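Quick note, the sequences are listed as chains E and G, same order. FYI, in our numbering the residues of the first sequence are 1 to 322. FYI, in our numbering the residues of the second sequence are 1 to 533.
To be clear, the hints were calculated from the coordinates, so they are not data collected in a lab. Treat the hints loosely; a few may be bogus.
Said to hold, decoys possible - Covered stretches of chain E (chain G as the covering partner; in silico rule of three or more C-beta atoms under 8 Å from a C-beta of chain G):
1. 126–137
2. 161–168
3. 199–207
4. 248–254
5. 269–275
Model, not experiment: these values are computed from the prediction. No residue lacks a Cβ here, since even glycine has one placed at the ideal position from N, Cα and C.
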Amino acid sequence: MSRLILRRVLVAVPVLWLVVTATFLAVHAAPGSVEDLVADPSLSPAARLAIREHWRLDRPLGEQYVRWLGAVAAGDLGVSFLYHQPVATVLGRALGPTALLAGTALLLDLLLGLAVAVVSVRRPHGVADRLLGGLSLLLWGMPPFWLALMAVLVFSLKLGWLPPSHMASVGAAALPPAARAVDLLRHLILPAGVLALAGFAATARYLRAALLDVAASRHLLAARARGVPPRRLFWVHTLRPALLPVATLLGLAVPALVSGALVVEVVFSWPGMGRVMWTAATARDIPVVLATTLLAAGAVLAGTLLADLLYAALDPRVRESV
Amino acid sequence: MRRTMLSSLAIALAALSGCGGGGTPTLPPDTIVIGKLADIENWNPYLADSAFAEDVLTLLYPTLAIEQPDYTDHPPSFEPWLASSWETSEDGLSLTFHIDPRACWSDGVPVTAEDVLYTWKVQHDPAVGWPGVEDKANITGIEAPDDHTIVFRFARRDPYAMMDVNDSPIVPAHAWRTIPFEDWERTDWTAHALSAGPFVLERHVPQQEIDLVRNEAYWIPGRPAVSNVVWRIVPDQNALLTQLLGHRLDFLEAVPPREAGRVEADPALRLIVFPDRAYAYIGWNLRRPLFADRNVRTALTLAIDRDAILRSARAGYGRPGVGPVLSTMWAFDRSLEPLPYDPERARKLLAAAGWRDTDGDGVLDRDGVPFAFDLMTNAGNDTRRDIVVLVQADLARIGIEVRPRLLEWGVMTGKLEAGEFDAVVGAWRESTRIDLGPVWHSARPGEPTYNWVGYANPEVDRLIEQVEALSDFGRQLPLLHEIQRLIVADQPYTFLYESDRVAALSRRVRGADVNAASPYFNLDRWSLAGTGE
Numbered sequence: 001m002s003r004l005i006l007r008r009v010l011v012a013v014p015v016l017w018l019v020v021t022a023t024f025l026a027v028h029a030a031p032g033s034v035e036d037l038v039a040d041p042s043l044s045p046a047a048r049l050a051i052r053e054h055w056r057l058d059r060p061l062g063e064q065y066v067r068w069l070g071a072v073a074a075g076d077l078g079v080s081f082l083y084h085q086p087v088a089t090v091l092g093r094a095l096g097p098t099a100l101l102a103g104t105a106l107l108l109d110l111l112l113g114l115a116v117a118v119v120s121v122r123r124p125h126g127v128a129d130r131l132l133g134g135l136s137l138l139l140w141g142m143p144p145f146w147l148a149l150m151a152v153l154v155f156s157l158k159l160g161w162l163p164p165s166h167m168a169s170v171g172a173a174a175l176p177p178a179a180r181a182v183d184l185l186r187h188l189i190l191p192a193g194v195l196a197l198a199g200f201a202a203t204a205r206y207l208r209a210a211l212l213d214v215a216a217s218r219h220l221l222a223a224r225a226r227g228v229p230p231r232r233l234f235w236v237h238t239l240r241p242a243l244l245p246v247a248t249l250l251g252l253a254v255p256a257l258v259s260g261a262l263v264v265e266v267v268f269s270w271p272g273m274g275r276v277m278w279t280a281a282t283a284r285d286i287p288v289v290l291a292t293t294l295l296a297a298g299a300v301l302a303g304t305l306l307a308d309l310l311y312a313a314l315d316p317r318v319r320e321s322v
Numbered sequence: 001m002r003r004t005m006l007s008s009l010a011i012a013l014a015a016l017s018g019c020g021g022g023g024t025p026t027l028p029p030d031t032i033v034i035g036k037l038a039d040i041e042n043w044n045p046y047l048a049d050s051a052f053a054e055d056v057l058t059l060l061y062p063t064l065a066i067e068q069p070d071y072t073d074h075p076p077s078f079e080p081w082l083a084s085s086w087e088t089s090e091d092g093l094s095l096t097f098h099i100d101p102r103a104c105w106s107d108g109v110p111v112t113a114e115d116v117l118y119t120w121k122v123q124h125d126p127a128v129g130w131p132g133v134e135d136k137a138n139i140t141g142i143e144a145p146d147d148h149t150i151v152f153r154f155a156r157r158d159p160y161a162m163m164d165v166n167d168s169p170i171v172p173a174h175a176w177r178t179i180p181f182e183d184w185e186r187t188d189w190t191a192h193a194l195s196a197g198p199f200v201l202e203r204h205v206p207q208q209e210i211d212l213v214r215n216e217a218y219w220i221p222g223r224p225a226v227s228n229v230v231w232r233i234v235p236d237q238n239a240l241l242t243q244l245l246g247h248r249l250d251f252l253e254a255v256p257p258r259e260a261g262r263v264e265a266d267p268a269l270r271l272i273v274f275p276d277r278a279y280a281y282i283g284w285n286l287r288r289p290l291f292a293d294r295n296v297r298t299a300l301t302l303a304i305d306r307d308a309i310l311r312s313a314r315a316g317y318g319r320p321g322v323g324p325v326l327s328t329m330w331a332f333d334r335s336l337e338p339l340p341y342d343p344e345r346a347r348k349l350l351a352a353a354g355w356r357d358t359d360g361d362g363v364l365d366r367d368g369v370p371f372a373f374d375l376m377t378n379a380g381n382d383t384r385r386d387i388v389v390l391v392q393a394d395l396a397r398i399g400i401e402v403r404p405r406l407l408e409w410g411v412m413t414g415k416l417e418a419g420e421f422d423a424v425v426g427a428w429r430e431s432t433r434i435d436l437g438p439v440w441h442s443a444r445p446g447e448p449t450y451n452w453v454g455y456a457n458p459e460v461d462r463l464i465e466q467v468e469a470l471s472d473f474g475r476q477l478p479l480l481h482e483i484q485r486l487i488v489a490d491q492p493y494t495f496l497y498e499s500d501r502v503a504a505l506s507r508r509v510r511g512a513d514v515n516a517a518s519p520y521f522n523l524d525r526w527s528l529a530g531t532g533e
């Protein structure tokens, strides 16, 4: 097991280097530049050149690359062109809200998916199965921003139950900690709920298929023949092997914990990584674009490693082969 | 398109549902809540670039004087702020300010000439890299004869000297001097925030909220009238409008014009409309043979129904564009009128220039070349996309084929700078300084410019240079008029419209003067009804 982790980490270094190098070349080859943001007749063309010089964008590409890579290797992600602040600061303040939102959404997604799948396989192709299948596919097919706008319309504007945006109410900073936590939870429900509703269909469908597969397998027949009680038959002998595809889904969901969900973040004014990435890309804020790419690539590698480890934990056959 | 339609539907539903009806009243009694699309980038006014940052940071770091929004009849005048008075020397080569002895920072330290000297150093230090330093080129020196007097000296007499000097916030020397300029970009400026203005920074939650509270040390008695101002950052235009209609905001400085009716229909809101300092245009790339002839360019303008565009793009909020100086500015030549919509005359002009449909395919041609071109604009801007579509339809009627090209902003700017485009729909935001050089002076090859269309009229060049050398507005005016007449006659742009700004203000807010100088022009005098403030 530890050999697997070591091997993966060793492979990760060149992969990350390749990804950031390709991104570095791509963002520099893309037309447009940071000084275009201030295309305004009151700022003279000469002043725009001065902006390029300030950020050393006038230096040869090779020099910029070596300087940047050296700094990253030393743990310095540079200074954002847009915010005139360290990139680590800019990313740092978005990571928490993103992890909170994506983590809650992932949890809801798994719970919902599991619940729907379990109910569905009780009577495959029965009424409940068909209804839930149709409903989850309908939600899956809906554009998340539309779902988000509808949620705002119904639950906050019409019913007034939940706040329509932000992580806190106006004046919440003055509240005692417990009331502040409740305020945060109230703000979290709609965006996390929308993300979960838009995503749980996949979990439910995969899990339902896997549960049906396992139900038809010979090991289950054998277990039943041995007189394993129905409860144990389901939770241990059926569900555990059926969770394998979910482990893959979970691994794939890890990048979302650091890269955010732009559309939902925008509609709910959630200060997450999606907005940081989007703003950086449109503003040609190269240091932030590179750092977010590095982070996202790292998360993908970590996610696949996590999926493999989960596989190993769930399936003894995999465990023996690694 | 799909997104826009669905979002509009959502807003419509929100309006129909009588928004906020089910919700509890959410606006706090002592706080003005303002909605804004994007956040402040940085809390140091010399590291932030956006107009919003400038508007907010000026509430903390005041200027010596306040430029007034009275530029319609004469160049803008100034009212005292940190400086209680000022005078220009007889030769016009120096300007002396007397700092208000009452002025002090929120930590109680007085504002002195030392702060102005320090600000000057900040502006010029290469490690800070402030792009505005350029506007200070005419200032040769600065000195402080005593603690409350500061003298600026100029290389030459310039009517904009006051603007040059004043156009930058004063920062606290005593608090910031200890931070080396090299470390500025790694400094958390919220931790060093002070204020000599009406408000102090209470809290900034990035991408969420800016909280300003009354500066108890503010030296102008009785101000500000309100104790808290909060900006809620809502990054989506539709969500912002929904929150306004749901009565979760007191003020929204930019309402999409087509939604103005909804604001007007809401008894709790007041619609505020005033001329913005911006105009929309189509720029014809004069290097292309298609647009080399000014009669052809005039024909194109005549064939485009600019009133219809104004109605469609801005719901009628604005006025037809005339020329390179806004019709609401003192320097505008009032003898100029917008060209009429006259497709018949356009046809005749084109025929006289040799453009006829010889092969019967519905598109004009000359020497076997069809009159067809790309009309470029930035993707994501729905107004401009609509303009492109309307222009395409108008020009199709006189036999000209327009191919819409929607490009990402950076890609478009790259093409503009390289001159690799046929025509572009764009807009310019104008400062109160009339400076026609960057856009209309012919650019020398390889030199940076905003004259992307390649306009080159030697007479216009000569007049622009002459204006720049003149030291008083009175003598500039006839030359500025002449430049406008020449440019309008040449039609390098089709001047589409000058837009109005449409803002919405809650009726509980009193005393607000929202104008094109700044949406928060007199924020220190805003008050809330029924709070006794």
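Check of the segment 126–137 of chain E against chain G for coverage (Cβ-Cβ below 8 Å, three residues minimum): Violated - the segment 126–137 of chain E has 0 residues with a Cβ nearer than 8 Å to chain G, which falls short of three.
Check of the segment 248–254 of chain E against chain G for coverage (Cβ-Cβ below 8 Å, three residues minimum): Since three or more residues must qualify, the claim that chain G covers the segment 248–254 of chain E is violated, with 0 doing so at under 8 Å.
Given coverage of the segment 161–168 of chain E by chain G, checked by CB-CB distance under 8 Å (3 or more): As far as the segment 161–168 of chain E goes, the hint holds, because 5 residues have Cβ atoms under 8 Å from chain G.
Per-stretch coverage check for the segment 269–275 of chain E, three Cβ contacts closer than 8 Å to chain G: holds (count 3)
Whether chain G covers the segment 199–207 of chain E (at least 3 residues having a Cβ closer than 8 Å to its Cβ atoms): Our answer is that it is violated, as 0 residues pass the Cβ test (under 8 Å) against chain G, missing three.
The structure fails hints 1, 3 and 4 (numbered hints given earlier, in ascending order).
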